[in-house]
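Asks: Put chains B and C on the given structure of chain A with help from the hints.
Protein chains in written order, with my numbering: chain A, 1 to 277; chain B, 1 to 795; chain C, 1 to 166.
These aren't lab readings, by the way, just hints derived from the structure by calculation. Watch out, some of these pointers could steer you wrong.
[Said to hold, decoys possible] In silico EDC-like links for lysine to aspartate or glutamate, alpha-carbon gap of 20 Å or less: (1) Lys190(A) - Glu133(C); (2) Lys77(B) - Asp231(B); (3) Lys61(A) - Glu144(A); (4) Lys61(A) - Asp77(C); (5) Lys64(B) - Glu8(C); (6) Lys93(B) - Glu155(B).
[Claimed, not checked] To spell it out: a stretch of chain C is covered by chain A in this simulated footprint if at least three of its residues, at any positions, have a beta carbon under 8 Å from a beta carbon of chain A; those stretches are: (7) 37 to 46; (8) 51 to 57; (9) 68 to 82; (10) 135 to 149.
Note that this is a predicted model, so its numbers are computed, not measured. All C-beta atoms in this analysis are idealised placements derived from N, C-alpha and C, irrespective of residue type, glycine included.
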Amino acid sequence: MKPALFTYHRPGTLPDALALMAEHRGGARVLAGGQSLMPLMAMRMTRPEQLVDINRIDELKGIRDTGDTLTIGALTRYSEILRAPLIADSLPLLSEAIRHVAHHAIRNRGTIGGSLALADPSAETPATCLALCARIVARSSAGEREISVDAFFEGLMSTALAEDEILVAVRIPKRPAKVPHAFLEFARRKGDYAQAGIILAPSHGGVAENRAVVFGIGSTARRSAALEGAMTNGLSAEAKAALQQEVTAIIDDDEGAAYKLPIVMTLAERAMGRLKP
Amino acid sequence: MTTAPAPAVGQSLARPRAKRLVTGRGRYTGDIAAKRALQVAFFRSPHPHARIKSIDVSAARALKGVVLVATGADVAKHCKGFAGIHRLFKGMKAAEQWPLAFDRACWQGEPVVAVAAETRAIAEDALDLIEVDWEPLEGLGTPEKAIAGGTVLHESLGDNIGYDGTTASGDVEAALAGAAVVIEDTFRFGRHTGVCLEPRSILAAYDPSDDSLVVHESHQCPAQQQAIFADLMGLPEHRVRVVCPDVGGAFGIKQQLYGDELATCIVSKMTGRPAIFIADRVESFASDIHAREHVVKGQMAFAPDGRILGLTVDDLFAVGAYSNYPRSSIGEASHVAALTGGPYRIPAYRARVRMIYQNKPPVGHYRAVGHPIACAVAEQLLDRGARALGLDPIAVRRINQVPDGTASHKSHSGFMLNGLTVEACLGKLLAGFDMAAFRREQQDARKRGLLLGLGIANFVEFTGTGAPYYGESGAPVTAQESCLARLEPSGHVRCLTGTTDQGQGTDTAVGQAIADAIGVSFDDVEVISGDSAGPVGGGAWASRGASSGIEAAVRAGRALRDEILRLAGLILQRKPEQMMLAGGLLCDAASGAELITLREVATIAHYRQHLLPPGTQPELSMTRSFVPQSQSFITTNGVQLSVVSVDPGLGDVRLLRHRVAHDSGTVINPMLLDEQIRGGVVQGLGAALFEEIHYSEDAVLGTGSLMDYLLPLATEIPDIEVAHLATPDPGTSIGAKGAGEAGTAGAAAAVLNAVNDALAPMGAHISTLPITPERVLAAIAAASSSHDTKPGLQG
Amino acid sequence: MSGPSFDEPEVTIELTVNGATVTRRVSTRRHLSDFLRDDLGLTGTHIGCEHGVCGACTVRYDGEIARSCLILAAQTDGSTVETVEGLSDSGEIEALQQAFLARNALQCGFCTPGMLVTAADLLRSVPKPSRDEVRDAISANYCRCTGYHAIVDAIMAASEKLAVKS
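Just chain A, same shape as in the assembly (with noise of 0.2 Å):
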């Protein structure tokens, strides 16, 4: 289980990686932490033929105070994000998050720009991005766009992310320790992908609307507007049984998740639990 032949290339600035990106166009993928592009690679289920690795660019690394949010650089690691105060102060809901993602030698090299790059549905960090309204910054030779984060994941492992373009951070609006949230997913092991999971993130000052969000069904995380109704107006009858369309609309295209109704349904439930004060 060895990769292909490409061409590695280790460029030291944002603008050389950009440089690279634009040269190569779509024959270039970008090497962040490597959990989960590597083995792809191993499997030569993906050959790139240039391999662009960004981990000496030190302008992609770290968490910043930008004011109102954070900006957390793409190749930020897990584990640095769990050991940073500015996310347990600011962005809890993140940590929790983030504590459900894989191991701990995993979480030291994974980084939260490769998962919403990869944007598999069932990761933690691109369902929890898409809960705290995140904008997801990305940057090409010909410049720096903010996407929001409602607009990047647009299927299956795939996102909004030009060819050319490297994913350089994400902005989190802050969300204060005592506004709750609720983080709820069930996996068969420790660490391993959800079968399902819930995130309720009511509004606060900085995002005005609800935000509920299933992730580990379907071809990417999506938010549900019957949870986020539930959540002013409490879980109904009405709205589980919004809920249920919701979510069995997301997994008839996938006939080996039909068992995974009542598993939302109950996480659902058990998550606006965990709401009330």
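Replies: Same frame as chain A, but now just chains B and C:
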């Protein structure tokens, strides 16, 4: 005067071999350097079943760094075909196999082309360049589909049924007709596999100058492999040597012949260079021996007081495309027929087993061959019978079990079960376990919406296989064990044993037994195993190391001790029988007074023979053998208890407690014994909850890696409480019975019973392993939709 | 055993392995695990899955535990790598090794180097862990033989011994 040191047998001694393993100095096959070695990779069939119309390897051959590309036809020129027939089973049919497929592939992952290159990466590059023109054929993915009368996998066999045998005793129809309650169910056991952490590995070095082959192989049975490679490749057997160095887990997965491993030997012969094949994890899932896959219909008939009146078993054992060579794969099914209900007196019995060919890799002899199936079927039927009759499941076990102290009980399946201790094990299991408190806790938990369950599973096991079983098979498999004990000039002892050690601690146990037999300290004995050029033996399987391997060692040790006493007698002018050897000292047998050191005797025997009386010939190496000649198996028994919680909203099962009581015979090393049991249990827990290799109806493989094949993790497993009985086996000097299978034999059944105990208030039950959330939720849904139709099943 | 070059893209790396500086030319696609084993002969790092799940190849990479099968050798230029051999030679994991032996916390031993590297990492950050913390810390290191119980016992015993020492 000296006091004799405490015997080594019975002590929890640490394993000498482990010292190198904790410092990163292990010597696994992949660690062994060989100059000019080629790396071998295999092009494997992407189809479950397909005809090979043509193969184009020209681009692969042209790749720089590639030394050999060999198709099935190329390789077949260097060997014979082989078929996994076990002649003890009359009417068994098995198709001929070759190292690589050449006209047709019969499972997804079957090796088709071998590539040898300077690096594994280049070999894999070459695989990408191989073009095969396939004609896909119908894939048989379930045993039911395979016997439905459609595609016949091997035309020469006539149908897909490799074996169809029935065992019967008593009048089953009358028992069923006259029963107060008959519980009937169909149990499904998924496919799983051993997942040895060290993948299958082989380094083959053929030397054309003398037609010799030296193989390092991650395997359990070096002598068997020597015989097979010599026979199939037509090599002189005395020039074939198989060394099994440190082996990173085996569990029956590394017990038979693999086509790709034979092909690696042939690659070495074709190139004249050493050839290494180390399976990667993805190809391991597709090509390692798999485990289980049974569909078992069972019926158990009860009298009103809970007595079992009769039992029927109808097992469809879905073996895969072939029967393994050389031992065959039939053991898995034949053990189901032999062992189901084994702990109990059952007056009427009928077991039909059919071994079904289909388009998957062969199922082989994974740890506790057939035992978990036999145990789960009988123990779940028994629990359900007790529930239907309103009786305590433990009481129902007690009234049916074979009484302790029965020297020889002929089971309903016709096997002699000797010296069972079912009641004593159950007593030991329950000692200190507050059942009443658990039942109260269970009631309280239900009020909180959490379901707790407790399950018990009795099992009888076969260990220490004797000569008749493989003697009748026709396979080059010996039940005999040999041991060579050699006195070194320093008075140390080196011991070569034919049994092998993949971490069980057999070497250590052999060392303990032989140290005592000779009269030296354990630290003065070195045990070497795993070389077919050493004393002949069968290797490791069926928990035979502690019985046969140790008996041979004891005999060799005693012979060496007798020779040492004879020589000391000649040196000291004393009668040997008036002396004893203990702790490396020769002492007066009566007074204990020290006479001479073993080192002094050894020095004279090695270097100063002129000091001995004329005509004295010292014999410093003693080889002794042992074979259980007439009995097929040693029999023993155990019982397991599992406590689980079930979250009915998620279908989630959590393991809370697990206990085992087992009769391992005489305990040689308590610590190693405990860990054999624990490790076996956790493999059984994996089978109970997590491990499953998925295939579609058409036999397309759906499980490719450790991302989707779930093994038990440290976080999912509770501490395992272990207790032992030590009823000596009368067949050997020490009386150990073996313990490698016990944990795996009963763990899944205990969990199944526990989960069904938890689900009983909902009227739901599970009959399929592994018990996944999907299956739990489906069972709950089925119960709520058919609540009124099955009153007998509600708790 | 770098092997001859077959037109493979290569890079030169210089890194510190178990305290010593090594310089090698490596194929860009070579995993760190293969580099350690085949180029440096450090066969204590085991390869169990090559997709980052089993933990047998766990090493300390720039001070933190990581899967060496998920890192390219090419990435390691300027880095520090410590393997089970280095941690053995330095004496850092001696208490753990003794406890693993005394408790028979290994059978086939294939997982053991990765398990020891992981356990040492735990005891550096949590000197007196609970059993649950130990189970959590080793949850990404697969052991197929022991069922984990003995490993947890051994790590607990080592932590107690180290606590007495310090």
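Asks: Is the hinted pair Lys93(B) and Glu155(B) satisfied, with a Cα-Cα distance of at most 20 Å?
Replies: Since the Cα atoms of Lys93(B) and Glu155(B) sit roughly 12 Å apart, the hinted pair holds (cutoff 20 Å).
Asks: Count the residues of the segment 135 to 149 of chain C whose CB lies closer than 8 Å to any CB of chain A, then report whether that count reaches three.
Replies: holds (count 4)
Asks: Has the segment 68 to 82 of chain C got at least three residues whose CB is nearer than 8 Å to a CB belonging to chain A?
Replies: holds (count 7)
Asks: Given the hinted pair Lys64(B) and Glu8(C), is their alpha-carbon gap at most 20 Å?
Replies: holds (10 Å)
Asks: Tell me if the straight-line CA distance from Lys61(A) to Glu144(A) falls inside 20 Å.
Replies: Distance ~17 Å between Lys61(A) and Glu144(A) Cα, so the pair holds.
Asks: Three residues or more, CB to CB closer than 8 Å: is that satisfied between the segment 37 to 46 of chain C and chain A?
Replies: violated (count 0)
Asks: Three or more residues of the segment 51 to 57 of chain C near chain A by CB distance under 8 Å?
Replies: Since 3 is at least three, the answer is holds.
Asks: Mind checking the alpha carbons of Lys77(B) and Asp231(B) for me, to see if they're no more than 20 Å apart?
Replies: Cα-Cα ~14 Å, so holds.
Asks: Would you check the hint for Lys190(A) and Glu133(C), treating anything up to 20 Å between C-alpha atoms as holding?
Replies: holds (12 Å)
Asks: When you check the alpha-carbon spacing of Lys61(A) and Asp77(C), does it fall within 20 Å?
Replies: holds (19 Å)
Hint compliance for this structure: hint 7 is the single one not met.
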